[in-house]
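Trainee: In the order they appear, the protein sequences are chains A and B.
Counting from 2, one number per residue, gives the positions in the first sequence under my numbering.
Counting from 7, one number per residue, gives the positions in the second sequence under my numbering.
It cannot be assumed that every hint is accurate.
Said to hold, decoys possible - Computed cross-link-like contacts, EDC-like style, restricted to lysine to aspartate or glutamate with a CA-CA straight-line distance of at most 20 angstroms:
1. LYS85(B) <-> ASP66(A)
2. LYS139(A) <-> ASP20(B)
3. LYS23(B) <-> ASP114(A)
4. LYS113(B) <-> ASP66(A)
5. LYS17(B) <-> ASP123(B)
6. LYS23(B) <-> GLU42(A)
7. LYS116(B) <-> GLU42(A)
8. LYS12(B) <-> GLU119(B)
9. LYS26(A) <-> ASP80(A)
10. LYS116(B) <-> GLU92(A)
11. LYS85(B) <-> ASP114(A)
12. LYS153(A) <-> GLU128(A)
13. LYS109(B) <-> ASP51(B)
14. LYS7(A) <-> GLU126(A)
15. LYS56(B) <-> ASP131(A)
16. LYS130(A) <-> ASP41(A)
17. LYS85(B) <-> GLU42(A)
18. LYS6(A) <-> GLU92(A)
19. LYS12(B) <-> ASP135(B)
20. LYS61(B) <-> ASP80(A)
21. LYS85(B) <-> ASP80(A)
22. LYS135(A) <-> ASP117(B)
23. LYS30(A) <-> GLU42(A)
24. LYS113(B) <-> ASP114(A)
25. LYS108(A) <-> GLU126(A)
26. LYS85(B) <-> ASP131(A)
Simulated from the structure, these hints should not be mistaken for laboratory data.
Predicted, not measured: the structure shown is a model, and the values here were computed from it.
This is what each chain is made of:
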Amino acid sequence: MELDKKLIGHEFAPFTAAVEAGKIKLFCKAIGEEDPIYSDEVAAKAAGYRGITAPLTFLRALQADDPNKGGLLRLLNVDIGLILHGEQHFEYYAPVVVGDVVTCQEKVVDIYDKKGGALWFVVQEMEMKDQAGKLLAKGRGVTVVRNPDAGKK
Amino acid sequence: MTTAPKFADVKVGDELKPLVLPPISRHQLALYCGGSGDHNPIHVDIDFAKKFGFKDVFAHGMLSMAFLGRLVTSWVPQKQVRGLGTRFTSITWVGDVITVSGKVTGKREKDGERLVDLEVKCTNQNGQDTLQGSATVALN
């Protein structure tokens with residue numbers, strides 16, 4: 002298996018994701034987060050937020066709203082069982098709140114291998130803007146692909 | 007609601023109060039599968055995980071990164087968080103007991119904001135780091 006470095010620079014189609022209270026509620030249950038700014042509009046506004054707030058890493062959950070979800074794997078022709086998450090970084094410009102409609106744009110910025118091709122690394126950058134076009138966050142993620150052919154001669 | 011410390015009161019080397027989490031359960035991984043929209047079966051379907059060479063299912067990296075976020079927002083309100091990033095350095099298995107810890111590594115000013123840099127990490131019951139990350143927060 003070898004990944005195609007010509008895919009560096011590939012831009013995925015932008016998509017929009019609506020920030021919904023029910024999704025944040027389930028996300029918070031899963032991560033054990035109980036601060037009321039993530040569930041109660043009155044508490045969130047009292048704390049200085051525009052509304053029920055999305056937790057810091059919920060941004061990655063918004064990316065799951067991509068109608069072309071799994072696009073990276075199809076682009077690379079890689080099975081989902083072979084990938085691991087290598088790195089994730091976010092820069093935050095403004096809190097994301099319930100009612101926001103977020104536009105996400107992702108692109109591939111690097112592809113490289115280590116250990117003689119046993120592991121491949123795909124670096125993606127992402128930008129999220131709100132309905133007014135204001136920048137909310139930037140993301141940078143590294144997906145690790147385990148080469149199923151590694152060790153075979 | 008979190009009340010932030012003052013920039014002047016924070017010193018390099020200060021440690022955040024660690025977060026010790028309940029053991030990772032299969033139930034939690036199922037909840038995170040639904041809650042995050044990450045439906046990769048490797049985290050919830052042991053047959054699938056074994057087919058790809060793993061002994062069992064394992065936690066989503068982003069579940070642990072959410073724990074880093076919880077630590078940071080237990081120290082400052084979320085609206086003061088400017089950055090959060092991590093490397094996923096080893097796999098978190100079902101049953102692992104994760105401790106989330108953080109300490110101040112730097113203080114600086116940028117674009118008129120007073121910023122504090124933190125090292126944040128997740129460590130398992132064997133003392134092995136599973137996430138090695140960093141965060142930046144703005145303080146008054």
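Trainee: With reference to the structure, classify each hint as holding or not holding.
Mentor: Results for each hint:
1. LYS85(B) <-> ASP66(A): 24 angstroms, violated
2. LYS139(A) <-> ASP20(B): The given pair, whose Cα atoms are some 28 angstroms apart, is violated under the 20 angstroms limit.
3. LYS23(B) <-> ASP114(A): The given pair, whose Cα atoms are some 38 angstroms apart, is violated under the 20 angstroms limit.
4. LYS113(B) <-> ASP66(A): Violated. LYS113(B) to ASP66(A) sits at ~37 angstroms, over the 20 angstroms cutoff.
5. LYS17(B) <-> ASP123(B): Holds, because 11 angstroms separates the two Cα atoms, which is no more than 20 angstroms.
6. LYS23(B) <-> GLU42(A): 28 angstroms, violated
7. LYS116(B) <-> GLU42(A): Given that 20 angstroms is the threshold and the Cα spacing comes to 32 angstroms, the pair is violated.
8. LYS12(B) <-> GLU119(B): It holds: about 13 angstroms lies between the C-alpha atoms, which stays within 20 angstroms.
9. LYS26(A) <-> ASP80(A): 31 angstroms, violated
10. LYS116(B) <-> GLU92(A): Roughly 14 angstroms separates the two Cα atoms, so the pair holds.
11. LYS85(B) <-> ASP114(A): 37 angstroms, violated
12. LYS153(A) <-> GLU128(A): Violated: LYS153(A) and GLU128(A) sit about 39 angstroms apart, past 20 angstroms.
13. LYS109(B) <-> ASP51(B): It is violated: about 36 angstroms lies between the C-alpha atoms, which goes past 20 angstroms.
14. LYS7(A) <-> GLU126(A): With a Cα-Cα distance of about 17 angstroms, the restraint between LYS7(A) and GLU126(A) holds, given a limit of 20 angstroms.
15. LYS56(B) <-> ASP131(A): 41 angstroms, violated
16. LYS130(A) <-> ASP41(A): 24 angstroms, violated
17. LYS85(B) <-> GLU42(A): Roughly 15 angstroms between the alpha carbons, so the hint for LYS85(B) and GLU42(A) holds.
18. LYS6(A) <-> GLU92(A): 27 angstroms, violated
19. LYS12(B) <-> ASP135(B): Outside the cut-off at roughly 29 angstroms; violated.
20. LYS61(B) <-> ASP80(A): OK: LYS61(B) and ASP80(A) at ~18 angstroms, within 20 angstroms.
21. LYS85(B) <-> ASP80(A): Not OK: LYS85(B) and ASP80(A) at ~38 angstroms, beyond 20 angstroms, violated.
22. LYS135(A) <-> ASP117(B): This hinted pair holds, its Cα atoms lying about 18 angstroms apart.
23. LYS30(A) <-> GLU42(A): Within the cut-off at roughly 17 angstroms; holds.
24. LYS113(B) <-> ASP114(A): Since the Cα atoms of LYS113(B) and ASP114(A) sit roughly 35 angstroms apart, the hinted pair is violated (cutoff 20 angstroms).
25. LYS108(A) <-> GLU126(A): Holds: LYS108(A) and GLU126(A) sit about 6 angstroms apart, inside 20 angstroms.
26. LYS85(B) <-> ASP131(A): 16 angstroms, holds
Of the hints listed earlier, those the structure fails to meet are numbers 1, 2, 3, 4, 6, 7, 9, 11, 12, 13, 15, 16, 18, 19, 21, 24, in rising order.
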